[in-house]
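First to last, the protein sequences are chains A and B. 1 is the number of the first residue of the first sequence in the working numbering; add one for each residue after it. 1001 is the number of the first residue of the second sequence in the working numbering; add one for each residue after it.
Among these hints, one or two may not hold up.
The calculated lysine to aspartate or glutamate pairs, modelled on EDC-like cross-linking and capped at a C-alpha distance of 20 Å, are [stated by the list, open to error]:
#, chain 1, residue 1, chain 2, residue 2
1, A, K302, B, E1202
2, B, K1029, B, E1067
3, B, K1073, A, D190
4, B, K1073, A, E278
5, B, K1190, B, D1142
Calculated from the structure, these hints are not laboratory results.
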Amino acid sequence: MSEASLYFLQQLINGLTIGSTYALIAIGYTMVYGIIGMINFAHGEIYMIGSYISFIVIAGLLGMGMVALPVILIIALVIAVFIASTYGWAVERVAYRPLRGSNRLIPLISAIGMSIFLQNYVVLAQGSRDVALAPQISGSWTFGDPQLFEVSLSYMQLIIWAVTLVCMTALTLFISRSRMGRACRACSEDQGMTNLLGIDTNRTIAMTFIIGAALAAVAGLLLGLYYGVVNPFVGFIAGLKAFTAAVLGGIGSIPGAMLGGLILGVTEALTSAYFPSEYKDVVSFGLLILILLFRPSGLLGKPEVEKV
Amino acid sequence: MSQLLLDVNALTMRFGGLVAVNGVNLKIKNRQIVSVIGPNGAGKTTVFNCLSGFYIPSDGSVLFKGEQIAGLKDFHISRKGLVRTFQHVRLFSNMTVIENMLVAQHRHLNTNLLSGLLKTASYRRLEQESMDRAAFWLEEVDMLAFANREAGNLSYGQQRRLEIARCMVTQPELLLLDEPAAGLNPNETKQLDELIVRLRDEHEISVLLIEHDMSLVMGISDHIYVIAQGTPLADGSADEIKNNSDVIKAYLGEE
Chain A
1 MSEASLYFLQ
11 QLINGLTIGS
21 TYALIAIGYT
31 MVYGIIGMIN
41 FAHGEIYMIG
51 SYISFIVIAG
61 LLGMGMVALP
71 VILIIALVIA
81 VFIASTYGWA
91 VERVAYRPLR
101 GSNRLIPLIS
111 AIGMSIFLQN
121 YVVLAQGSRD
131 VALAPQISGS
141 WTFGDPQLFE
151 VSLSYMQLII
161 WAVTLVCMTA
171 LTLFISRSRM
181 GRACRACSED
191 QGMTNLLGID
201 TNRTIAMTFI
211 IGAALAAVAG
221 LLLGLYYGVV
231 NPFVGFIAGL
241 KAFTAAVLGG
251 IGSIPGAMLG
261 GLILGVTEAL
271 TSAYFPSEYK
281 DVVSFGLLIL
291 ILLFRPSGLL
301 GKPEVEKV
Chain B
1001 MSQLLLDVNA
1011 LTMRFGGLVA
1021 VNGVNLKIKN
1031 RQIVSVIGPN
1041 GAGKTTVFNC
1051 LSGFYIPSDG
1061 SVLFKGEQIA
1071 GLKDFHISRK
1081 GLVRTFQHVR
1091 LFSNMTVIEN
1101 MLVAQHRHLN
1111 TNLLSGLLKT
1121 ASYRRLEQES
1131 MDRAAFWLEE
1141 VDMLAFANRE
1151 AGNLSYGQQR
1161 RLEIARCMVT
1171 QPELLLLDEP
1181 AAGLNPNETK
1191 QLDELIVRLR
1201 DEHEISVLLI
1211 EHDMSLVMGI
1221 SDHIYVIAQG
1231 TPLADGSADE
1241 IKNNSDVIKA
1251 YLGEE
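Isolated chain A, as found in the complex (with noise of 0.2 Å):
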C-alpha cells in the first residue's frame, strides 16, 4: 500500500474511534426525541459527569493499591454507569416530568438550564482545572510500511470498538425483542394510545433517559480514558457533536444515531488530517446545518408527516 492510502487508513481508524462514541452519546438524544420530541441539551452533561466518575473510580481504587486493571475499569463502568443513570433519570423528573405537555419550548430551555447547572456544579465540586489520569490502557498493533507509514491500532481503539459494538446490540435488541423496548416503540409512536393501553408511560420515559444515560457514561469513561484528561466542559461540545450525529443520521432513529456518529467522527479525522485541524468542528457544524438545509429528516429518518 501507498504512503497515501495507509495514513488514509490511519485516519479511518481514529475517525471511527471517536464516531463510536459520538453513536453511544447520540442514541441518548435520539432516544429522548423519539419519545417525548424533545431535544435534552443536558445529555452532554451527564457524558461529562460520567467520565469523571469513572476518572474518581479509577484513582481511587488504584490509590488503595488495587492492580488488576480489568477489575478496576469494570468496577469503574458500572459505578459510572449507575451514577450516570441516577443523574439522567433525576433530570427527566425534576426538570422535564413537571413539563411535560406544555409548550414544546420550555422543556427546552428546562433542558438548558440544566445543562448550565450541572456544568457549574462540577465546577464547584471538582474545579475547573483539567483533570489527568495517567494512560491506563497501553501498547498497539502496528502494520503498514515502517519506511513509509506505520498505522497504529491501539488497544484501547479496539476496546472502545468492541464495547461500543457490545452496547449497540445490547439496545437492539433490548428495543425489539423485550417487552420494555416494545412499550418504549408504542410510547414514541402514540403516548396517549399507549397510556390508555394501560401501560405507565410516565416509567417509560424514564427507561429512555436512563438507557441515554448509561450510553453515556459508558462513552465517558471510554473518551476519558482514550485522552486521559477531562474537565467540566468536555459535555458542552461533545454533547453537540453528538446531537450533531443524531441529527445527521435522522433524529428519533436508533440505527440513525448510530450511523450518523461513525460519519460525524470519519468526517472530523479527514478534515483534520487534510486541513489544518482546527477545521474540523467548522466542517462538522457546517454539516449540521446542510443536513438541516437539504434533507431536516436526516440519513434514516422518516420524514415528519403533518398528524391531521
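Given chain A's structure and the hints, the job is docking chain B onto it.
Positioned in the frame of chain A, the structure of chain B alone reads:
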C-alpha cells in the same frame, strides 16, 4: 331485574356556553348491542369521550357495573373493562400486528424487570398466555396470516379489525366502537357486522356503537338511541326508530 352493565343518567357536557350533550340517558345490559345514531355534530362522539374518560362530564352520572366512573381518568376506565376505539384508526403503525396485540397486554404481564431478565417460569407462562390470547383474537378477526406484517401496511379494513382485536385482548366487558364501518367497502362492512354479532353471542360482551351506516345499525342493534343537537330524541328497537316521525324529521328535515 338484572343489573345494568352501563347506566348513564342525564349526561351533560358543556364547553363554555355551548351545550354539546344535554341530558343523555343510555342503558346497556349484558350481551347487548346498543347503537347511538344522530346527524353529524349531534354530540355522539362527545358522549363517547365522556364515557371513556377523555372528557369529564359537566353533569350527570355514568354507572359502569354499578360503579360511578364519571370523572375517572381514561386508563382507569379502560382497566375496569370499558374500552373504546376511535374514529381514526390509532394503531402503532410501525409495529407488527402481533406486537400491537402484545403491547395491549403489557400490564397483564408481570412487571418485574428481574423476572423478565431471568425469564422465570411464571414470566414465561404469562408471556405464553398473552401470545395465545393474541393468536386467538387474530384468528377471530381473520388476521392470523398477517401477524408479522407491519400494521401501517395493512388495508384499512384490516386495520379496523386489528383495532377491535387489540381491544379484545384487554378482556373488556363493554366495547365502544366509534364509527367502525367508516371507509369500509360493503364486503368489509359485512365482515364487521358478523364480527360484532359474534362478540355479543359467542364472547358475551356488550357493544356500544356509533355508526352512520344505517343498514349495519338496524341489522344488529338490540336497542337504538337517537340524539340530535346533543339532546335525546328517541330510543327503541330498530323498527320503532325506523317509523319514528321525530327521527325522520331530524334526518331529513321538516316536510
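Check your understanding: Has the given pair, B/K1190 with B/D1142, been kept, meaning a C-alpha gap of at most 20 Å?
Key -> It holds: about 13 Å lies between the C-alpha atoms, which stays within 20 Å.
**Study point:** Satisfaction of hint between B/E1067 and B/K1029, Cα-Cα up to 20 Å
**Key:** holds (14 Å)
**Study point:** Satisfaction of hint between A/E278 and B/K1073, Cα-Cα up to 20 Å
**Key:** Not satisfied, since the Cα-Cα distance of roughly 56 Å exceeds 20 Å.
Check your understanding: Straight-line Cα separation of A/K302 and B/E1202 no greater than 20 Å?
Key -> violated (42 Å)
Review point. Is the straight-line distance between the alpha-carbon of B/K1073 and that of A/D190 20 Å or less?
Key: holds (17 Å)
Of the numbered hints stated above, those contradicted by the structure are hints 1, 4, listed in ascending order.
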